[in-house]
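Undergrad: Model the placement of chains C, P and E on the given structure of chain U, informed by the hints.
This is what each chain is made of:
Protein chains: 4
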Amino acid sequence: MTKVKVSIVGASGYTGGELLRLLLFHPNVEVKQVTSESYTGKFVHKIHPNLRKSTMMKFVSASELETCDLLFLSLPHNNSQNQIDEYKKLAPKIIDLSADFRLKNAHEYEKWYGHKHARPELLNEFVYGIPELHREEMKKANYISSAGCNATASILGLYPLFKNNLVEEDRTVIEVKVGSSEGGNKVNEGSHHPERSGVVRSYQPTQHRHTAEMLQEISFGKKIQIHFSATAIDMVRGLLATCHVFLKENLQEKDIWKVYRDAYGNEPFIRIVKENEGIFRYPEPKLLIGTNYCDIGFKKDDFSNRLVVISAIDNLMKGAAGQAVQAFNLMYGFDERTGLEFPGLHPI
Amino acid sequence: MTKVKVSIVGASGYTGGELLRLLLFHPNVEVKQVTSESYTGKFVHKIHPNLRKSTMMKFVSASELETCDLLFLSLPHNNSQNQIDEYKKLAPKIIDLSADFRLKNAHEYEKWYGHKHARPELLNEFVYGIPELHREEMKKANYISSAGCNATASILGLYPLFKNNLVEEDRTVIEVKVGSSEGGNKVNEGSHHPERSGVVRSYQPTQHRHTAEMLQEISFGKKIQIHFSATAIDMVRGLLATCHVFLKENLQEKDIWKVYRDAYGNEPFIRIVKENEGIFRYPEPKLLIGTNYCDIGFKKDDFSNRLVVISAIDNLMKGAAGQAVQAFNLMYGFDERTGLEFPGLHPI
Amino acid sequence: MTKVKVSIVGASGYTGGELLRLLLFHPNVEVKQVTSESYTGKFVHKIHPNLRKSTMMKFVSASELETCDLLFLSLPHNNSQNQIDEYKKLAPKIIDLSADFRLKNAHEYEKWYGHKHARPELLNEFVYGIPELHREEMKKANYISSAGCNATASILGLYPLFKNNLVEEDRTVIEVKVGSSEGGNKVNEGSHHPERSGVVRSYQPTQHRHTAEMLQEISFGKKIQIHFSATAIDMVRGLLATCHVFLKENLQEKDIWKVYRDAYGNEPFIRIVKENEGIFRYPEPKLLIGTNYCDIGFKKDDFSNRLVVISAIDNLMKGAAGQAVQAFNLMYGFDERTGLEFPGLHPI
Amino acid sequence: MTKVKVSIVGASGYTGGELLRLLLFHPNVEVKQVTSESYTGKFVHKIHPNLRKSTMMKFVSASELETCDLLFLSLPHNNSQNQIDEYKKLAPKIIDLSADFRLKNAHEYEKWYGHKHARPELLNEFVYGIPELHREEMKKANYISSAGCNATASILGLYPLFKNNLVEEDRTVIEVKVGSSEGGNKVNEGSHHPERSGVVRSYQPTQHRHTAEMLQEISFGKKIQIHFSATAIDMVRGLLATCHVFLKENLQEKDIWKVYRDAYGNEPFIRIVKENEGIFRYPEPKLLIGTNYCDIGFKKDDFSNRLVVISAIDNLMKGAAGQAVQAFNLMYGFDERTGLEFPGLHPI
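Those protein sequence lines, which keep their order, are chains U, C, P and E. Everything in the first sequence is counted per our numbering, starting at 1 for the first residue and increasing by one. Everything in the second sequence is counted per our numbering, starting at 1001 for the first residue and increasing by one. Everything in the third sequence is counted per our numbering, starting at 2001 for the first residue and increasing by one. Everything in the fourth sequence is counted per our numbering, starting at 3001 for the first residue and increasing by one.
This is chain U alone, in the form it adopts within the complex (with noise of 0.2 Å):
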C-alpha cells in the first residue's frame, strides 16, 4: 500500500514530538521530515529520547521542506497564519495544531486574542478539529485545525446537554485542573522544579483563550456564557475539566445517561465513566496517559438543578497530536483507531 507521506513542522516541542512517535508507529504514513531551527541536524531522539532505537531520523531546517502530502503544523501562535501560503505551496493539506484557525469569526479572534488576525479570510477554510462534532467535514477537508486542549475536554463534556437545549445558557462554570506538559518545552521561572513541584496554581482564573472556542462550538446560535478557570496542579500530563451546569428541567441521572449515550455511544474514543462502587468512580486524566480517549462522567446534585460533568484527557494526545492523527485517518478514509490503540497503563 502507498503511504501518506507526511512532514511535520515544529517536532521539537512536546506536541510535536507525540505527533511524531504516533506517525513513526502508524502503519499507513511515511514521515518524510521533521523541522526544527533550534536543532536542526540534530537526531530527534536527543531531544524525544523515549524514540531511541526508533528511529535515526534527524531535524531539518523548515527552509529544506520539500513537498509532500500533508503537512502537520505544530508551531506556536502567529506562525501559521503569516506563513499559510509557504505551507499551502509545499502540501495540499494541512493539520494545524496551533491556535490561529480554530476561531471562524475574526471579530472573536480579536477580542480573545488582542490582536488583529493576518489572515481573517482564510478562517472558513479550516474544519475545527474535534472529530465527533465534524466528522463529517473532515472526510472532505483540506485543512483541518486541532482544537484547544481545554477546550476539547470541556466541549466534549458539554456538547451533548447543550445540544439538547437542556442547562440554562449563563450559568455555565468550568474549572480544568492542568499539568506542566500544557506549557510547552520553554523554561521559564514558574517551571522551575522546585518552584513548580506541588503548585496548585490559578494560572489562569478568568479570560482564557480556549473560551472563545467553546462558545463557538456549543452555542448553537444561543447568546450562552461559559465562565472557565484553569488551576495548574503537581502533574506532567493530563486534564480533567470540571464542568458545573445548572438544568432547565428536572432530569434524573438516567435521563443524562441517555443524552450521552445518544451523542457518544459508537463514538471510538469517548468513555462514559460512572460507577457506583470502588475508587474508579470518574474520569481519572493518569489512567489516560498516552492514549486517545476522552473519559466523561457526572452527578446530579440532589440539593440542586447542578449537574457537574467531568471529563478527563490527555491534553498532548486527545488534546493534542493524537486528536491531529485521528482527524488524519478521518481525512484518509483509514479506520479512526488507527494508530492510537494504546490503551493506557494500569497503575501509573
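By construction, these hints were calculated from the structure, which means they are not laboratory data. Please read these numbers as outputs of a predicted model, since none were measured by experiment. There's no promise every hint is true.
[Stated by the list, open to error] Away from chain E, derived, C-beta distances all over 10 Å, residues of chain C: (1) R1021; (2) P1049; (3) C1068; (4) A1106; (5) K1163; (6) E1168; (7) Q1204; (8) S1219; (9) Q1252; (10) G1290; (11) F1303; (12) M1331; (13) Y1332; (14) H1346.
[Said to hold, decoys possible] Pair ranges (Cβ atoms, derived): (15) C:K1111 - U:E137: 46 to 54 Å; (16) P:E2121 - E:E3169: 53 to 61 Å; (17) U:R337 - P:E2086: 55 to 63 Å; (18) P:E2064 - U:K3: 57 to 65 Å; (19) U:E249 - P:M2056: 31 to 39 Å.
[To be verified] Heads up, simulated PhoX-like pairs for lysine-lysine below, C-alpha to C-alpha not over 20 Å straight-line: (20) E:K3274 - C:K1053; (21) U:K111 - U:K140; (22) C:K1274 - E:K3058.
Backbone N, C-alpha and C fix where the C-beta goes; we use that ideal spot for every residue, glycine too.
TA: Same frame as chain U, now just chains C, P and E:
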C-alpha cells in the same frame, strides 16, 4: 506563670498529632494526657515520628483521662455528641475538632449528615470556630467547635463579599482541590499509593457536608446557594478553594481590594495575595504548609460580572489544629499568634 | 493464523493486569481465561480501568480453569510450587512470574527465602527468564520462570562485566531506587498516600531475596559478592539500579563501550544510554514507563578503579509482564518484539 | 539584651532565604541588611513569599553594605575567595556558606575544583562547619565555612565508625538521593518541570566535589577511599545518604548502637532512628523538612561484613542554613538550639 493544663482526646490521628505538636511548643500550655485506644501505652513518637526527641509522652486510654483545664476532642464524627457529658465532667472548657457541634440548626444537621443529632439542645452552646468571624464570642466561650477545612477556606474567602451584599445569592460555585491528609490516617483502597499518586479524582462532586457550614456562616439571613465540589489531587497537605461569585454591581478590582482590606486588614493570619508579576501571583497552598495563614486572592473577569476568589490554607493547620490553637489563645487572652509563629518554607 | 490460547492465573494484581493488557493486543494470542478469587464474576475493567472498551472479559475462579496452550502464573510467591502439578495438567507450557522457580539450587532457595522449597526436584525444569541470557534455551523451553525486577535490571547491567571477568569479585555494591507498584496492589500502612508520598525509604537495606538470582546468573562459577540495597522513592512505576563495580584492569570508557556493544549490540530491548551533553545523559526510568526496554549507561571514576553502571527498567514491563511476553515470543518463534512495540512517552 | 547585628550577602537564593527566615525569628539577632544584585530595591517577600507579613525588608546591593557584627556569605562558589578582604573589613566575624573555604589543603582544592584557590593562605583561618565535629573550635572562631549538604549527611553518618577505626579504608560506597532545591534557584533545561518531575537522574555518578570534604573530615590521617554518587529524585527538599561500609571486625548491631550512642548521645540535633516495626524504621528526609536534625540509622548485613548506614537531612537546613545558625549560636555562646526548634511535620 501557671500553664493551662490540656489533654487531647484522639491524639493518634493527623489532626491530633498536629495539635500535640503545637501544644508541646506553646509557652502557656502543659499537655497533660493524650489518648489513643489503638496505641495505648506506646510512645507518641512511634506514631508521630516528627516528635522524636521533643517528647517522651505515651498514649493513654480515654478511660484513664483525668480532669484538666481544657479538653481538645479530635475524634471521628459522632463520638463527641454521644460522649459530651463525660467530657464536660472532665474539663470546664472544650474545643471539639469534629463536625458534631458546628451547625446550629438540627434540621440542617439531619439534612446534610443523614441522621438525627444526638444532642440538638447543645448545638447553641458551641461557638463556631473561625476566629475571624467569632472573635468576641470566643473570648467568653467555654465550648468551641472547630470549623471544617474546606469550609474555613471557602468562608474566609467569601465572607466579606456576602457580608457586604455584593454577590448574587444563588450562583456561587466553589471548587476545592485537596490533599490526601484530609482523608485521615486510615488506610483504604483509594489511598494506596499506586492508585492515589498522580490522581485528579472527583471525590465529592456534590452534597459535601461542609457546604452546610458555609451556608450557616455567610448567608446573613438570606436564602443563598453554594454549589460546592471537591477534587483530590496529588498532595499531602493543603487546600485551594477556587470560588466563582457573580457581582451585583460593576465593581472594579480596586473596590474589591478595599472590601478585603476593610475586612481583614488587621487579621494576624490572613494575607491578601495578589501580584501583577512574578510567579507568586495568587495564593499557593504549598507555601502555607505548617502555617496558620489563610491567603486570599482574587481576579475580576473583564468579560462578565464574575469574580474569582482564590483561598488557600493548610488543611491540618488553619483548617484544623492551628485554628483550634488560635481559638484557644482567644479563650485565655493570650496573644492570638502564640505558638503559631511558623512562617512556612520556601522552596518546598 | 491460529492463535495461541493462553490463560492468566492471578490476573487482578498489577503484573497480571499488565500481562492481560499486552496479551489482549498481541496479534498471535487469544486470551482464554483470567482468574481472580477476589473478583470472580466481575469485569476485568473494574479492576484495571485502563481496559475499559478494550475487553468485556470477566474474572473466573482458578477452579474453573480449562486447558489451554500456555498458562501464565501471576500469583503470590509459594503458590506455584505447591500447585504446580495442577497447572501442568492444564497446559503443556507455563511461564511463572513468581519467585518460586527462579533459583536452581534448593539450598540457596532456603537460605534466602527462609523455608524449604516444596518441589526442589523441579527447579531445573525451568529456564531463568531473562531472554538476553537464555534466548536459545527459551526457544526450546516448556517452563520459564520470569526474573525478579530488581534482579533483571542489576543482572543486565552487570552481566557483560562479570562474563568478561573484568571486575573484582567481592566488592560490587548495588543500590536500586524503586516505585510503589513493586509492592503490589495490597493496601498497607506504609502504602497509605500521606505516608508513602515523598518518601526516600530504605525498605530493604540488606538481604534482599533478588540478590540470590543475581549471584546465580553472573557468578560464572566464581565466588562473588553482591551488596544490594533497595530504597523506595515517590514514583509508581520504574526502577533505577546504580551499580558500583571495581575494575581489575585500567580500562577506559571506550573499552567499556566495546564490552557493552559486543554484548548487547543486537538486542532489541537494550539500549546503551550515555551522552556527554543535554539532560538525558544516563538511563531514566520514567522514559521507560510502559516499554520493555532496559537502558544501560555507565561512568568511570577518574580518581579510582570504580565503574558506576546505571540500569533502568519499568518494573512491571521488562521487570515482569513485558519480559514474560518477550519469553513467550521466543517459545513460539514469533518476532521477539511482537506486542512490545510501545516506545514510551516524552514528556511524562 | 543587645542583639547581634548580622547581614546576609546573597539573600535571594534558596539558602539565603532560609537563613533570613531563621534569623528573622532568632531572639538574639537583628538582621541589618540583605543583599541581592538582581532584586535590589525589591521586597524580600517578592522572592521568598513565605515571608509575607513577617518582614518588610528590601534587598540592597552588596555595594551598600554597612559594617555589622557578623556577615553570612551565601554566594555562588568562587565569590568568597575573591572578595574576602572586602568582607573582612565589614565584619569581624564571617560564616561562609559557599565551598570556598571548606578544604584545608590547596592541592586537594585544585584536584576537586579544577582550578587554583585564589587565597590558599586563608584556608586554615576557617573552621569547617559541622558543629558535632568542631564544637570547641567554633566557640572561639571568627571564620566558619559551612559544610556541603551531601558532605554533612555522609560525614555525620560515618564519623563514629571511622573515628573508631571500625571499617575497611578503601571500600566505602555512598549513594545520596537529592532533591531539586540542591541545584539552586536558577532555571535550566534540566529543572524544567516536565523534564525534572518523576526523574531518577544519575546527575553525578563520580567525582562529586563534596567527596573532598568527606575525605578531609573522616580519614584521621589514613589513606581512605570514598566512592560517592548522587542521584536526583522527584523531591524539592531533603537528602538521604545510603552509606555502605565494611566492618573490620565481627560487630553486632548492639555494638554499633553503642558506637553511635557514645558519639551522639548528647547531640541536640542528631537522632538515632532504627525501629524493628512500624513504617518509620529508618531515617526519612521528608520528616526533616524545615528542621535542623540529622537522623541516622543502620543495618548490619547478616550474610557479609557490610554495614549500611542511612543518614537523612534537610539539605537547606542541617545541610546549609540551619547548620550555619547552629554554628552562629556556638560562636556567641547562645543555646545551640536557639531559633532551630521547629520539630518538623507529620504527615507531609
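Undergrad: Compare the structure with each hint and give your call.
TA: Hints, one by one, checked against the model:
Interface exclusion of R1021 of chain C from chain E breaks down, the closest Cβ pair being 6 Å apart, not more than 10 Å. Its beta-carbon lying about 4 Å from the closest one in chain E, P1049 of chain C breaks the requirement of being farther than 10 Å from that chain. With a least beta-carbon separation of about 23 Å from chain E, C1068 of chain C lies farther than 10 Å from that chain, consistent with its non-interface assignment. The beta carbon of A1106 of chain C sits about 34 Å from the closest Cβ of chain E, which is more than 10 Å, so the claim that it is off the interface holds.
Chain E leaves K1163 of chain C outside its interface by the beta-carbon criterion, the shortest separation being 23 Å against a cut-off of 10 Å. No Cβ of chain E approaches the Cβ of E1168 of chain C within 10 Å, the least distance being about 31 Å, so the stated non-interface status holds. With a minimum CB-CB distance of about 21 Å to chain E, Q1204 of chain C clears the 10 Å threshold, and the non-interface call stands. The Cβ of S1219 of chain C sits about 30 Å from the closest Cβ of chain E, beyond the 10 Å cut-off, so the non-interface label holds.
No Cβ of chain E comes within 10 Å of the Cβ of Q1252 of chain C; the nearest lies about 24 Å off, and the non-interface call holds. At roughly 5 Å, the least C-beta separation between G1290 of chain C and chain E is not larger than 10 Å, which violates its mark as non-interface. In this structure F1303 of chain C is separated from chain E by more than 10 Å, as the shortest Cβ-Cβ distance comes to about 29 Å. Every C-beta of chain E lies more than 10 Å from that of M1331 of chain C, the closest at about 24 Å, which supports listing it as non-interface.
The Cβ of Y1332 of chain C sits about 22 Å from the closest Cβ of chain E, beyond the 10 Å cut-off, so the non-interface label holds. Listed as a non-interface residue, H1346 of chain C fails to keep its Cβ farther than 10 Å from every Cβ of chain E; the least gap is roughly 4 Å. For the pair K1111 of chain C and E137 of chain U, the beta carbons lie near 50 Å from each other, so the given range of 46 to 54 Å is met. In this structure, E2121 of chain P and E3169 of chain E break the distance hint of 53 to 61 Å, their C-beta atoms being roughly 47 Å apart.
As the Cβ distance of R337 of chain U to E2086 of chain P is approximately 40 Å, the hint placing it in 55 to 63 Å is violated. Look at E2064 of chain P against K3 of chain U: about 46 Å separates their beta carbons, and that is not inside 57 to 65 Å. Checking the proposed 31 to 39 Å range against E249 of chain U and M2056 of chain P shows it holds: the Cβ atoms sit about 34 Å from each other. For a cut-off of 20 Å, the pair hint linking K3274 of chain E to K1053 of chain C stands: about 14 Å separates their Cα positions.
Annotation: proposed proximity of K111 of chain U to K140 of chain U is violated, straight-line Cα distance about 30 Å (limit 20 Å). Under the criterion of a C-alpha separation no larger than 20 Å, the hint pairing K1274 of chain C with K3058 of chain E is consistent with the structure, at around 19 Å.
In summary, the structure is inconsistent with hints 1, 2, 10, 14, 16, 17, 18 and 21 from the numbered list given earlier, while agreeing with the others.
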